[in-house]
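Top to bottom, those sequences are chains Z and C.
Sequential numbering from 1 applies to the first sequence in the numbering used here.
Sequential numbering from 1 applies to the second sequence in the numbering used here.
One copy or any two copies: either way a pair holds, since identical chains are not told apart in the list.
Think about it this way: if two alpha-carbon atoms lie no more than 25 Å apart in a straight line, the pair counts; the simulated SDA-like pairs of lysine to any residue are:
1. Lys178 / Glu303
2. Lys406 / Val514
3. Lys350 / Val273
4. Lys294 / Thr322
5. Lys178 / Glu489
6. Lys512 / Glu501
7. Lys512 / Arg502
8. Lys302 / Ala270
The set of hints was computed from the structure by calculation and includes no laboratory data.
All of these numbers come straight from a predicted model, not from anything done at the bench.
2 protein chains.
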Amino acid sequence: MTDSLTRNIKHLLTSLVLQGVHDFVVSPGSRTTPVALLLAEMQQVRDDVRVTVDVDERSAAFFALGIAKTAHQPVVLLATSGTATGNYLPAFMEASISHIPLIALTTDRPTELQQIGAPQTVHQEHLYGEHAKAYTAIEMQDDHADVTAYIDYHVQELVGRALTQPMGPIQINLPLRKPLMPKLGEAWPEVTPQRILVGQRQAGWQDIQAIAALLRKPKAMMLLGPDEIGWQTEKIEQLAAHYQLPVLADILSNFRPSQYAVNGIDSLIAADVIDDSLIPDVVLRFGGTPVSAKVITWLREKEIPVIQVGQEHAGHDHGRHTHTTVVADPDTVISDLLAEPGVKNATFLKKWQDLTDKLMSVVTTEVANTVEYQVPTALAELPENAKLFIANSMPIRDMDNYFVPKQRLQIAANRGANGIDGTVSSAFGMAMSGQPTTLLTGDLTLFHDMNGLMLSHQAHVPMTIVVVNNQGGGIFSFLPQSEAAAYFEPMFGTPLPIVIERIARLYDAEYKLVDDLAALSDLIRKPATRLRIIEIQSNRQQNVTAHRDLTTAINEALS
Amino acid sequence: MTDSLTRNIKHLLTSLVLQGVHDFVVSPGSRTTPVALLLAEMQQVRDDVRVTVDVDERSAAFFALGIAKTAHQPVVLLATSGTATGNYLPAFMEASISHIPLIALTTDRPTELQQIGAPQTVHQEHLYGEHAKAYTAIEMQDDHADVTAYIDYHVQELVGRALTQPMGPIQINLPLRKPLMPKLGEAWPEVTPQRILVGQRQAGWQDIQAIAALLRKPKAMMLLGPDEIGWQTEKIEQLAAHYQLPVLADILSNFRPSQYAVNGIDSLIAADVIDDSLIPDVVLRFGGTPVSAKVITWLREKEIPVIQVGQEHAGHDHGRHTHTTVVADPDTVISDLLAEPGVKNATFLKKWQDLTDKLMSVVTTEVANTVEYQVPTALAELPENAKLFIANSMPIRDMDNYFVPKQRLQIAANRGANGIDGTVSSAFGMAMSGQPTTLLTGDLTLFHDMNGLMLSHQAHVPMTIVVVNNQGGGIFSFLPQSEAAAYFEPMFGTPLPIVIERIARLYDAEYKLVDDLAALSDLIRKPATRLRIIEIQSNRQQNVTAHRDLTTAINEALS
Numbered sequence: 001m002t003d004s005l006t007r008n009i010k011h012l013l014t015s016l017v018l019q020g021v022h023d024f025v026v027s028p029g030s031r032t033t034p035v036a037l038l039l040a041e042m043q044q045v046r047d048d049v050r051v052t053v054d055v056d057e058r059s060a061a062f063f064a065l066g067i068a069k070t071a072h073q074p075v076v077l078l079a080t081s082g083t084a085t086g087n088y089l090p091a092f093m094e095a096s097i098s099h100i101p102l103i104a105l106t107t108d109r110p111t112e113l114q115q116i117g118a119p120q121t122v123h124q125e126h127l128y129g130e131h132a133k134a135y136t137a138i139e140m141q142d143d144h145a146d147v148t149a150y151i152d153y154h155v156q157e158l159v160g161r162a163l164t165q166p167m168g169p170i171q172i173n174l175p176l177r178k179p180l181m182p183k184l185g186e187a188w189p190e191v192t193p194q195r196i197l198v199g200q201r202q203a204g205w206q207d208i209q210a211i212a213a214l215l216r217k218p219k220a221m222m223l224l225g226p227d228e229i230g231w232q233t234e235k236i237e238q239l240a241a242h243y244q245l246p247v248l249a250d251i252l253s254n255f256r257p258s259q260y261a262v263n264g265i266d267s268l269i270a271a272d273v274i275d276d277s278l279i280p281d282v283v284l285r286f287g288g289t290p291v292s293a294k295v296i297t298w299l300r301e302k303e304i305p306v307i308q309v310g311q312e313h314a315g316h317d318h319g320r321h322t323h324t325t326v327v328a329d330p331d332t333v334i335s336d337l338l339a340e341p342g343v344k345n346a347t348f349l350k351k352w353q354d355l356t357d358k359l360m361s362v363v364t365t366e367v368a369n370t371v372e373y374q375v376p377t378a379l380a381e382l383p384e385n386a387k388l389f390i391a392n393s394m395p396i397r398d399m400d401n402y403f404v405p406k407q408r409l410q411i412a413a414n415r416g417a418n419g420i421d422g423t424v425s426s427a428f429g430m431a432m433s434g435q436p437t438t439l440l441t442g443d444l445t446l447f448h449d450m451n452g453l454m455l456s457h458q459a460h461v462p463m464t465i466v467v468v469n470n471q472g473g474g475i476f477s478f479l480p481q482s483e484a485a486a487y488f489e490p491m492f493g494t495p496l497p498i499v500i501e502r503i504a505r506l507y508d509a510e511y512k513l514v515d516d517l518a519a520l521s522d523l524i525r526k527p528a529t530r531l532r533i534i535e536i537q538s539n540r541q542q543n544v545t546a547h548r549d550l551t552t553a554i555n556e557a558l559s
Numbered sequence: 001m002t003d004s005l006t007r008n009i010k011h012l013l014t015s016l017v018l019q020g021v022h023d024f025v026v027s028p029g030s031r032t033t034p035v036a037l038l039l040a041e042m043q044q045v046r047d048d049v050r051v052t053v054d055v056d057e058r059s060a061a062f063f064a065l066g067i068a069k070t071a072h073q074p075v076v077l078l079a080t081s082g083t084a085t086g087n088y089l090p091a092f093m094e095a096s097i098s099h100i101p102l103i104a105l106t107t108d109r110p111t112e113l114q115q116i117g118a119p120q121t122v123h124q125e126h127l128y129g130e131h132a133k134a135y136t137a138i139e140m141q142d143d144h145a146d147v148t149a150y151i152d153y154h155v156q157e158l159v160g161r162a163l164t165q166p167m168g169p170i171q172i173n174l175p176l177r178k179p180l181m182p183k184l185g186e187a188w189p190e191v192t193p194q195r196i197l198v199g200q201r202q203a204g205w206q207d208i209q210a211i212a213a214l215l216r217k218p219k220a221m222m223l224l225g226p227d228e229i230g231w232q233t234e235k236i237e238q239l240a241a242h243y244q245l246p247v248l249a250d251i252l253s254n255f256r257p258s259q260y261a262v263n264g265i266d267s268l269i270a271a272d273v274i275d276d277s278l279i280p281d282v283v284l285r286f287g288g289t290p291v292s293a294k295v296i297t298w299l300r301e302k303e304i305p306v307i308q309v310g311q312e313h314a315g316h317d318h319g320r321h322t323h324t325t326v327v328a329d330p331d332t333v334i335s336d337l338l339a340e341p342g343v344k345n346a347t348f349l350k351k352w353q354d355l356t357d358k359l360m361s362v363v364t365t366e367v368a369n370t371v372e373y374q375v376p377t378a379l380a381e382l383p384e385n386a387k388l389f390i391a392n393s394m395p396i397r398d399m400d401n402y403f404v405p406k407q408r409l410q411i412a413a414n415r416g417a418n419g420i421d422g423t424v425s426s427a428f429g430m431a432m433s434g435q436p437t438t439l440l441t442g443d444l445t446l447f448h449d450m451n452g453l454m455l456s457h458q459a460h461v462p463m464t465i466v467v468v469n470n471q472g473g474g475i476f477s478f479l480p481q482s483e484a485a486a487y488f489e490p491m492f493g494t495p496l497p498i499v500i501e502r503i504a505r506l507y508d509a510e511y512k513l514v515d516d517l518a519a520l521s522d523l524i525r526k527p528a529t530r531l532r533i534i535e536i537q538s539n540r541q542q543n544v545t546a547h548r549d550l551t552t553a554i555n556e557a558l559s
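Next up, chain Z with everything else stripped away, as it sits in the complex (with noise of 0.2 Å):
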């Protein structure tokens, strides 16, 4: 008979890959040593299990991250005791806010060596505090026959609890006393699956048809923030028919490009072009906080009544203006505005995509001039299936004002808390689709995480990474702060002289320099075959200069 503790890790191995466990991302030491060793194991006598070695805990954890919100799939971290632990919060953090279920498991020191001075042992218990849904511990080496029958149910049924709406990440704690080593080669348990059924409350027939009147007005539209829950955009462009609506689309939408999709939203209101006969009576919205800041100010000062749907969202509007809230999964509601009698006028859709196209227009005359409106004109000619990670502070903003790729993309970005950490490793994570990835990133944000260069080697996954370079933090020149010329550059610029092509020498990359939008676009059109990193340098007071300008020409030519 095998020991308690490689049939218990056994047991908790199989329940998560039970419940639509497929990554795994181990960081090395030596208290993960049985789950590690049985984790390799079980790569090897099962074809759905992969597993990935990252030495940065915190890179580790942002990969995860990526893996899990482009497959829509829990993905599970293992850590040793100690720090280790603790480089697991900043995704954590993301993950909660964002609702990606992420499956910590932290190894720790036992009882009888807790707070008595052993080495690498920190309070472990509930780490992540309001960052987690959930937190347990669980004794591997427990000889009572329960234990492992709680294992199977329990650890199943947190997996469920990570999944169910609103989604999020969850800590198990594994406090392991030596001997570490688990018995290899021996037959892996079978475990019954837990059938677990995720409720969802559904909005009610009145609400449906109260919604569906108001989305017969003559000016409806709908708003779509970030999708998390990968949703049916060709469902949502169905509903866009059936009531001729505009559709203001986020970048991470992922509903561009569409005849019913407006873009540059936040552009359209700084430059003051959005006449009366163009503010809707009613807006549906659905998904997370939109990128641009300016809409839901908008929104708000023009008292335009909003309806938001979600089941993870809902109620969460820091313009704190909604009108009607319903806590909803999207495309049952969808379902049941698509059963109710629609309108044939398109004069108010057919507004707003003239407004989108003399956008477009006035754009196109400047991307000639300014990289960081040829980078998202480049990367349109992404291939079908191409996959895209945005950084946050500046590239977002620019992507979500100017970018309609020629197909639909799968577009992803951390705006949950919207940092700058993790991004390299996250974009890693969804490269692990096997789709052609590209990172769009600053300097400053890919220096924050170089460590997760190092994905291209443990993952073995290819990657383009285009590095808009501007020698610094690019978005403080938009603040006030900005006018603080004396302190401005080492409190905020922050310049660091990091020279790209050697990290793309460090890390074994293919480089470019590009400094033209049609050698940028012929690179973007050949998918990356291994690590590929192509520079583009930019230049911040030039940077603001040309928003500046933009924005006067916008509002010149579209007033």
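Put chain C on the given structure of chain Z with help from the hints.
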């Protein structure tokens, strides 16, 4: 009259300085704007304030830890809202256990933006949980006159709390509302300094007499663990002389070299060469958990009575064996013990001195062959006043066994939680002392905190890094999992395809590859003038064999 934001932040910063803060480590971000700008201004108007910018918050926190543990002063961190603040957790875990007074100023979004989907807004309250000694949130934009007085009192009192034994890190959360621009160029306020006296529990008179009587036994000895309070080594040497005590001096005790110091206790126990005549009747123990794991087990197995003295570490004995715990200030206890009658008989001391001498001569004959013994020999050449930071895993263990500097150095490591994260940054923190500083590390630990290398630019301090490159995690080869051959390399060895010379090039460092003791010693004698990376290549398997051969050689020579 100045606005409340500017006034209150000036009072906050001045209160921190009044209680002994001189170093501020800033990671840029929008929400930090008023604090960062006023800090930059304060640096202009006061010459006792130093500000360093570090883009990576994880690195910043470990850097602050290094400064604090070297200077024995509180150090302030400043981060923007969101995941940035989460990056401090690993260093807070270490600071909490090793009693370092870090003060994190975490800027936050105001109440009206919490939990409703506002960007970059996370739960920052009590973010570090049990890993912070105190938490508070202070409104900086409240006009009420009492608020400014509250800041003067409360902030000074909080620093006092961080500095009270056992010392520890604290979090001050600062919700800030836009507009964030402070008024620059105005006069700074006078803040009344508070006098905060740290009470000390002392051992009573009977206790001291009883301990002194035990130390007069024929076979009494001392165990000095890591020094985290900056104790007076001269007084410890006087105590050893007074009672003729051999001192088991941990590498981090800062007690080597001394005629009373015994090093290599871990090797001596491993080689089974400590005969009964060397077993002490009693051990007087000061300081943190020793690097040697074996010495703790040995004390218990031999049933040696241990008297543990200290405020921070009293009661922390993971051998669960301490006989008497004295919760008192070590310096006071030593003074009292020096006032009691001592002993003249040095027989027991002489025996241990002989053993140490013999051990070192066996080690010396082995040195010619193996990198891991050559490195301590070369580092013994470090000049007076030099500082040395040692990475965890194998370097700290080898140094604990075989390192005897020619003069007393300040030596540090992160031995609270023993993480490999943040090591480069902590070493740069040590270098902020202005003394020549050397970091000894393996390649994995260097990689984990590669971003810390940016501090050579941001902090403008030189440092030497000696990298023993064994292409992966050397310590695992000593553990049982090394026998799981099929899974060992990918799960534990984790060789990374990193070329150290390319890291040096990326950070504009001087680079030397050395392969003999003489060349390494020559380099060690000359302090670095900028960042200097010295690589020595090693082999994990040969290292295991060499360690085992050495144990055999010690056993044969000393039995």
